[in-house]
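Participant: Build the full structure now, drawing on both the sequences and the hints.
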Amino acid sequence: MTAQRRRHAREKQARTRRNGAPRALLRVGLTFSAVGATVTGGATAAAAAEPEPLLQASSLTALVSPESLGTSARGAAEALGAMEHATTGALRPAKDHRLHPLAGTGVDPLANSASTRIADFHPVSTEAVTGPISRGASPRELPVAGPVLGLLPG
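The opening residue of the sequence shown carries number 1 in full-length UniProt numbering; numbering runs sequentially from there.
Just so you know, the hints here were simulated from the structure itself, not pulled from any lab data. No residue lacks a Cβ here, since even glycine has one placed at the ideal position from N, Cα and C. Heads up, some of the hints might be wrong.
Computed Cβ-Cβ distance ranges for the label pairs, DEER-style [said to hold, decoys possible]:
no.: 1; residue 1: 97; residue 2: 77; range: 30 to 40 Å
no.: 2; residue 1: 147; residue 2: 85; range: 22 to 32 Å
no.: 3; residue 1: 37; residue 2: 145; range: 39 to 49 Å
no.: 4; residue 1: 146; residue 2: 72; range: 51 to 61 Å
no.: 5; residue 1: 145; residue 2: 40; range: 42 to 52 Å
Facilitator: So, in structure tokens, the structure goes:
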């Protein structure tokens, strides 16, 4: 590139005007931040106001009657049963999911294991770690995670 071309390129860069979009986006962001701070400040002031008492002593005895406690206990038991049912339905597929999609195929990289024996010690192998996964085990069938997952419903 000749000296004259370099000089013209520098002049062209100097004349290029910057786009006003980043500045407009900055203004919009600051406006939204200011509006959010104003709304949050109003909510804080409303929360700081003195609350009216919700319960009075005469209505408290009616709330603690045996009939109301029985109804509350039944409602809590139903909610607990529904939560256990939902948890079971959500966790069972995760506990039975096959961890390694290549297990049982000819291209399974975990199908091999390495072992070594030093002197008179017991041999050490990677089979205990990679074996269950390469056989297509689910999380509930793994040696350490299986008993832990047995504590969860599903």
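Participant: Each hint needs a verdict: does it hold in this structure or not?
Facilitator: Going through the hints against the structure:
Taking 30 to 40 Å as the suggested C-beta distance range, the pair residue 97 and residue 77 conforms, at roughly 31 Å. Checked against the hint of 22 to 32 Å, the pair residue 147 and residue 85 passes, with Cβ atoms roughly 23 Å apart. The hint said 39 to 49 Å for the Cβ distance between residue 37 and residue 145, and at roughly 47 Å that hint holds. For residue 146 and residue 72, the hinted distance range of 51 to 61 Å is not satisfied, since their beta carbons lie about 38 Å from each other.
At about 44 Å, the beta-carbon gap between residue 145 and residue 40 stays in the expected band of 42 to 52 Å.
Consistency with the previously given hints fails for number 4 only.
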